[in-house]
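Colleague: One-letter residues, chain by chain:
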Amino acid sequence: MAQTAHDTHAHAAHAEHHDHGPQSFWSKYVFSTDHKIIGIQYGVTALMFLLFGFCLMLMMRWQIAYPGKAVPVVGTLLEKLLGEPAKGGVIAPDLYNVFGAMHGTIMVFLAIVPLAFAAFGHYVVPLMIGAPDMCFPRVNMASYQCYFLGGVIMLASFLIPGGAAQGGWTSYSPLATQIPTDGQTYWILGMVFLITSSLLGSVNFIATIIQLRAPGMTWMRLPFFVWAMFVTAFLLVLAFPPLEAAAVMQLMDKVFGTSFFLPEGLFVGGQPADHLSGGGSPLLWQHLFWFLAHPEVYVLILPGFGIIAEVIANNTRKPLYGYRALVYSVLSIGFLSFIVWAHHMYLTGMGTKISTFFQTTTMIISIPSVIVLTCMFISLWGGSIRFNVPMLFALAFLPMFGIGGLTGLPLGLSYVVLQLHDTYYVIAHFHYIVAPGTIFAIFAGIYYWFPKATGRMMNATLGKIHFWGSLIFMNLIFQPMFAQGMAGMHRRMYDGAATYSLANGQDVIGALSPGIIKMNINITHAAFGLLIFQIPFIWNFFHSIVKGKKVTGDNPWEATTLEWQAPTPPPHGNFAEAPHVYRGPYEYSVPGAAKDYTPQNQAP
Amino acid sequence: MIQKIKDLMSFPPLTSLHGEKVDDLILYVHYLMGALFLVWIVYFVYVLFRFRSGANPKASYTGYTGHVSTYMEVGVAVIEGILLVGLAIPLWRNAADEFPQERDAKGALIVDKEGKPAVTVVRVTAQQFNWNFRYPGKDGFFGKQDLKFVSNDNKFGIDPADPNAKDDVTPPLGEMAVPVNKPVIIRLTSMDVIHNYAVHPMRIMQDAIPGVSIATHFTPLKEGKYQITCAQLCGNSHYFMKGALNVLSQDKYDAWLAEKSKGAATTLE
Amino acid sequence: MEIPYNVKSRPDTGLYNAKLGIWLFLASEVMLFGGLFTSYVVLRVNASAENWPHGLLNIPIGTFNTFVLIASSVTVVLGWAALKMNNFARYRKFQAITILCALGFLSIKSIEYSDKFTHYEIWFKDGHRQTGHIHQDGKKAWFWNTKTLAGAPAVKDAKGNVVKPASPPIAEFEFSPDATHYSDAAKHTKGEPAAAEHKESAHASGEHAAVKVKTADIKRLSAFVPAHSTYFAIYFTLTALHGLHVLIGAVVIAYIWGPGAKLWKTNPEQYVNRIEVSGLFWHFVDLVWIFLFPILYLL
Amino acid sequence: MTDSHGHDGHDGHDVQAAVRKYLFVFGALLVGTLLTVGMYYVHIPSVVITIIVALFIASIKASLVACYFMHLIDERKMIYSLLLATAFFFASMMVLLIWAMFDPPSLTLLPAYQGK
Ligand code: HEA
Ligand code: HEA
Ligand code: CUA
Ligand SMILES: [Cu+2]
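These protein sequences, in sequence, are chains D, R, H and F. Counting in my numbering, the first sequence runs from 1 upward without gaps. Counting in my numbering, the second sequence runs from 1 upward without gaps. Counting in my numbering, the third sequence runs from 1 upward without gaps. Counting in my numbering, the fourth sequence runs from 1 upward without gaps.
So that you can see chain D by itself, here it is in the shape it has in the complex (with noise of 0.2 Å):
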């Protein structure tokens, strides 16, 4: 209903931004309706929030390394901040596992899907189809202004007594109820801001997809990327309101003192829990949990395929091999990924027509991301590629993902879960999709559109050195940890897992050798010099906006989707005259052609 009392203002809205006034900076540029705005508002905002995460998690690497020393640098700071928790700079367990929530939760919620499904979408899906902006401009901005109030009330637990949420970002209850401190309530009622913000983006988007094509976009002809956002806007749309019953649950037995996801004869603290009434489930929360958090980590990866598709064609210089192949994998992957989320409960007590149904279907689905891979791989073929950093990036991408990927399968099988449920092994397995994965799509993104959005190309040498660094680093954290998985080191071990080494007794059988808790300290140090070669990055950012190399026309990669036809920037409005679609997103080489690519909106 929000709709109703917003969307059709716009016509008020843009009437006003005809004449060209002068805009107040604050109507401009922070409550702003014109999707380019509102894109790159998450974008710089996620932006921080990775970094933010990022720098969480360092601390929690360094503690793990290092256990019980004091964290270098920030060790005074954090002591000054939160008190108790980070006594002397170090960080006590219960603020490891604020850490690692708030590096999940951040890293997911905040970080990643705003910056590939919401930054990227907001700015470029528009564009992409020809459309003047979204459908509901009100709605859009009203959905990154819950996204910022998620943040910062995400943020701000931090600081309450006791500190943020501690119970993991899967937040399983008993324990997240339990933990007598405020943090779990914050997270609660932060997600359900994020919830709503990304409910009214994808509502949104899914409206402006259908509805706002320009004349001759048949689906067919939509660029892969804008059906990547499709598919990820349906997975928010449906997927996240079970996540919001559950947390609404959870908020109730947190502060109205329901049982929902308690049961009887519960001890809370080491004592009976009598005040509780009993009767609820904790499988209920897993459930509910999982039912979106299976989806939403392909919101994690779908947005990154869609990049990684145009940067591939792009430079190539020749059509995606397979188009309707892939267009129809992102739907099956979409369809499929609500029927496989009991794959993370298999150790819950499951009998084997579950288990069977959930292996089956997880099996089922790794194949259409099998197809996508080998759809971009096979692109490659007959190409005339080339290695600018956008590409790079992408190219990394495939065998990144691959690996995360791949080791996604045994991971599906409930009987290979017996030894490596909730190790290392996971963690890497999901790291790899994800940092080297989508982080990676999202750099192939920001240097492939930066010359869109801001008139200025981003400096090659810097970014070079950004890729390789990035690249080896990135590995040099990830690999190892399938070894300390696949040894039975757990994760979410406070001290590295050094209780469980050979150390404490020479004669116990299967103690992770000295060998592998060593592993910890590597991966921390190769942590920092990933944290070094994002530094060129960030000055190359900032940099490039204002001193970089200006571009010579509006589409300095020859690239034939509608975007690079637009102005650059675009203006409000985007298009100078309507665009009229004639032929498919990837029309590059094509024999006969004066240039070696072919504008979607150029006439026949």
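Be careful, since some hints might not be right.
[To be verified] Per label pair, the in silico range of CB-to-CB distance:
| hint | chain 1 | residue 1 | chain 2 | residue 2 | range |
| --- | --- | --- | --- | --- | --- |
| 1 | D | F528 | F | Y80 | 53 to 59 Å |
| 2 | D | G83 | R | G54 | 56 to 62 Å |
| 3 | R | G174 | H | L299 | 43 to 49 Å |
| 4 | R | G174 | D | F387 | 16 to 22 Å |
| 5 | H | P11 | R | V85 | 45 to 51 Å |
[What the hints assert, rightly or not] Chain F stretches covered by chain H per the calculated footprint, using a threshold of three residues with CB under 8 Å from any CB of chain H:
| hint | region |
| --- | --- |
| 6 | 36-49 |
| 7 | 87-100 |
FYI, nobody ran anything at the bench for these hints, they're computed from the structure. The beta carbon of each residue, even a glycine, is placed where N, CA and C say it ideally should be.
Here the structure of chain D is known, so what remains is to put chains R, H and F with the ligands in place on it, guided by the hints.
Modeller: For chains R, H and F with the ligands alone, coordinates are given in the frame of chain D:
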């Protein structure tokens, strides 16, 4: 050879009967993954080299037109199907449904040649941040358990009226022992939050969830000391929640149990 | 450039933007309430008979409220039809009834709520349980629980001024029990969903005479608040969330009815669209209640 | 009445017919409600039947509201496919979740648990 591969992949030592099959399945899947990865990466490097813009300034509009990729995709699907139907599902049935028999049809304990129970049954109740173990005692019966009896003096909710409870054995917190070469059934639950009982050399891992009791089983093959890892985040001392699993010869196990059962009845109430 | 299809339908999809938008939004609402309904089923199946109260809600009132909501749904659609016939005055009348119905629904709901907050269940130490009302100084006591009986120390602000005086422990209080207890009744009439209607009458008229209850005999005391039992937990969660939807819907409809009506003069087509879109939301709210009512009141 | 309620011209006659339909649906909804409540007071001996009948009536009422008040009956294909997808995901959530919660043989709910 296989052992070499396992060492290379840092598998932990293997000391249980079914563990071999877990390892095999892990290895088979990794062979598939390795093969795929290798094929693709070789192709990838070759393509990047051959079709770099310097060497191939004019791209081909049609690109690749053969069918190898389709065969590969079908191949992957078939192999996954075989692994799933041939191994993963039957094995999981074995783990989740096919428990070793503890009693015969008449309800009498099945015993071995020496008259000792053929199957060891242990009840495990996890708590923040330790492990409680219970053994059924001489009669082989646990006392009835019901959450409605739970109170501060009766943390497991044992029915005080049940005579079977009297000889149950409760060793000290965090200490568990089982005889070697005999199937063990553990029944897991938790008092407060979700924990996870993991012993890697035995290749077992199972959530302990309050309100439900989940059973799992394994057969230890090697005497020695093992450690029980808590594999599910359960609070600020999760990392420290370690238990001891001692696999003993039958004689030593009997002695251990006898020693722990002294005064067993009093540890209850 | 103007955003197309804000007012007119796009020819190939046959929809205007807001209509597609609201349907997408409703799809997500289906999943939201779907998650809660699913939880309801799980919790219900999980629960033992004694822990799932029956018949504590007032069915006649609930039925009446159902009528109120259905009526409001009809007036929305009639109002819209009136506008289609260019009869603005008639639309105003119908929509006014809608808004009144919404307010009526919410008021009745809050009466029901307050009734629950002053209705108690006592778990005695000897195992038996009783429901009824607590009177204190001749007034109905609100929101008591086991902790209330222990009394509370005075609350002071930072400067040491007493904000709330200390309440002494309560050793004994006046309790007017209902005629039967829901779980006893369930045992008598094995398996029947009913057992309630004695209950209702008991509640309405035949309350037993007040008795004195000693705190020392009590294991647990709870009003019919969410913490009382999983049933009340889900009851309050579902109805409060639904109530919130009613409230938001009413505000939106009232806005379009009142200050938003200027649009009728400048862009009638768009105005009608708004009525349709807000109407779709309103019908959905009605639709949710159609399921909520039997599930919570009758089953 | 395709796309009806078309925003462009349509005669009052059409609308008049629609109004009659709405009133009819209104009546049906009232009857449905009364039936459900009535059934409750009649005390059908089987709980299962009560639940099935009550949910059946509720579904009928819901479809009446959706089809007529919300005009689903002459809505566009786009909306149908959206609702179909939603219905599918809702159903799979409900069915799979409940199945997963109550099938497992190795998982016993404790209160009913008998010691061996
Ligand atoms: C973007 C995120 C993302 C993606 C895409 C995936 C994809 C997959 N995931 Fe992953 N997963 C996570 C994020 C993701 N996952 C997260 C965050 C967790 C942990 C959550 C937590 O507990 O906190 C997790 C955990 C997780 C588990 C639970 C483990 C456990 O806790 O016990 C399982 C089990 O089935 C699983 C399986 C899979 C499978 C089968 C896929 C498949 O979709 C993968 C399909 C892809 C392929 C099969 C690759 C195909 C590629 C090629 C064939 C080409 C190869 C070429 C070269 C290498 C050059 N994942
Ligand atoms: C999308 C999700 C995402 C991403 C991107 C990451 C990124 C990283 N993660 Fe994390 N991680 C999770 C999601 C993610 N993680 C989740 C869900 C968990 C589980 C939590 C739980 O247990 O509950 C987890 C847990 C987790 C653990 C396990 C902790 C434990 O169990 O105790 C570890 C350990 O090393 C780790 C490490 C890292 C590292 C080194 C990175 C690095 O790859 C980070 C790389 C980051 C960058 C390279 C940042 C670059 C930023 C910029 C360049 C900013 C530029 C700014 C401007 C221009 C303004 N993560
Ligand atoms: Cu117990 Cu972790
Ligand atoms: Cu998953």
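Colleague: Would you mind marking each hint as holding or not holding in the structure?
Modeller: Evaluation of the provided hints:
Distance hint check: the CB atoms of D:F528 and F:Y80 are about 55 Å apart, consistent with the given range 53 to 59 Å. Here the CB-CB span from D:G83 to R:G54 is close to 60 Å, well matched to the stated 56 to 62 Å. Restraint check, R:G174 to H:L299: a C-beta distance of roughly 47 Å satisfies the suggested window 43 to 49 Å. For R:G174 and D:F387, the Cβ-Cβ distance of about 58 Å falls outside the hinted range of 16 to 22 Å, so the restraint is violated.
Distance hint check: the CB atoms of H:P11 and R:V85 are about 50 Å apart, consistent with the given range 45 to 51 Å. With a threshold of 8 Å between beta carbons, the proposed coverage of the region 36-49 of chain F by chain H holds, since 8 of its residues qualify and at least three are required. Note: the region 87-100 of chain F has 7 residues with beta-carbon separation from chain H under 8 Å; the three-residue rule is met and the coverage holds.
Going through the hint list in order, the structure does not satisfy hint 4, though it satisfies all others.
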